[in-house]
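Peer 1: Sequence:
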Amino acid sequence: MTAFLDVCLLSRQAPSFTYQSPQALPAGTLVQVPFRNQTSWAIVWGSVPEPSFPTREILSAPLETPLLPAAQMALAHWIAQYYLAPPSTAIRHLLPGDGSTVLGLMGIGRKRSLKHRAEPEIAIHSLELNPRQQEATSVLSNAVRQGGFSPWLLRGVTGSGKTAVFLESARAALEQGKGILYLVPEIGLTPQSVERIRQTLGCKVALFHSGLSIGERANAWLAVRNGETKVVLGARSALFAPLADLGLIVIDEEHDSSYKQDEAPRFHARDAAVWLARHQKCPI
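Take 1 as the starting number for the sequence shown in this note's numbering and just add one per residue.
Don't take each hint at face value.
Label-pair distances were calculated between CB atoms; the ranges are [stated by the list, open to error]: (1) H77 with E254: 39 to 49 Å; (2) H255 with V48: 35 to 45 Å; (3) L84 with P191: 18 to 28 Å; (4) H255 with G46: 26 to 36 Å; (5) T158 with A264: 29 to 39 Å.
Honestly, the hints are just simulated from the structure, not real lab data.
Here the structure is a predicted model, which means the values were calculated and not measured.
Using N, Cα and C, we set each Cβ at its ideal position, and we do this for glycine too.
Model the full structure from these sequences, guided by the hints.
Peer 2: Structure follows, in structure tokens:
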């Protein structure tokens with residue numbers, strides 16, 4: 001039975017376009033479509049009723065599973081609806097750049113050569129907590145183990161040890177094999193803070209922020225999508241990392257104005273993260 005799908009082109013900022021397919025394809029599927037006098041890569045946005053105008057047929061869908069996980073696509077749909085953003089604008093944050101680097105690394109389309117940095121051995125450091133930190137950690141860790149959506153606010157002056165509580169609570173999520181999304185203001189992404197998180201949790205950490213090259217972001221994106229790391233650290237762009245089965249979302253300095261994006265699609269990363277936590281049924 002013929003299915004009709006709206007797709008968003010990766011090669012340009014344009015409205016979504018309707019194509020037909022001999023079978024239904026889930027949202028997030030990578031497809032190749034004819035566009036004008038050439039072929040283009042696109043992402044399926046969703047199914048639509050049969051249109052009143054003629055449509056062209058999708059040429060191929062090279063991957064067995066969607067390129068973009070369901071949670072990512074659900075977040076993009078919510079941003080498009082809540083912030084009145086066109087689908088193509090909402091979806092552009094789900095891939096590094098225009099997506100060509102990721103496709104190249106996956107062996108799809110034109111390949112690009114990137115240098116892979118060897119990961120050093122990670123020494124695990126334990127944290128010594130004071131009684132107030134232990135109390136907060138116990139509450140948050142129990143929320144992580146129980147699962148389900150629950151919002152928490154951890155208040156404390158600078159240097160009071162909030163980060164230690166975040167990291168000890170994150171251990172509970174990792175012990176369950178779940179992912180952790182750790183958002184910080186752009187200014188907070190110092191090498192010292194990154195190394196502290198790596199050593200405390202004893203695992204690889206995928207970084208997402210504007211200071212990285214497209215190639216570095218593509219490598220981080222693939223490492224998360226392939227399950228090579230379950231910890232994502234970054235500024236507001238990290239919100240769109242392809243993490244599956246989230247166990248905890250942390251928004252450090254949640255009052256910081258840098259969480260608000262003033263260019264299309266305009267959104268507030270803190271508010272979007274709360275929606276994502278509710279959708280993924282995890283504490284934030």
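Peer 1: Quick check on a hinted range of 35 to 45 Å for H255 and V48, using CB atoms only.
Peer 2: holds, 40 Å
Peer 1: Can the suggested window of 39 to 49 Å be confirmed for the beta-carbon pair H77 and E254?
Peer 2: 24 Å Cβ-Cβ, so the 39 to 49 Å window is violated.
Peer 1: Between L84 and P191, does the C-beta distance stay in 18 to 28 Å?
Peer 2: Given range 18 to 28 Å: violated, Cβ gap about 38 Å.
Peer 1: Using the beta carbons of T158 and A264, state whether their distance is inside 29 to 39 Å or not.
Peer 2: holds, 34 Å
Peer 1: With respect to the beta-carbon atoms only, verify the hint that H255 and G46 lie 26 to 36 Å apart.
Peer 2: Once the Cβ atoms are compared, 35 Å apart, the range 26 to 36 Å for G46 and H255 holds.
The earlier numbered hints that this structure contradicts are 1, 3.
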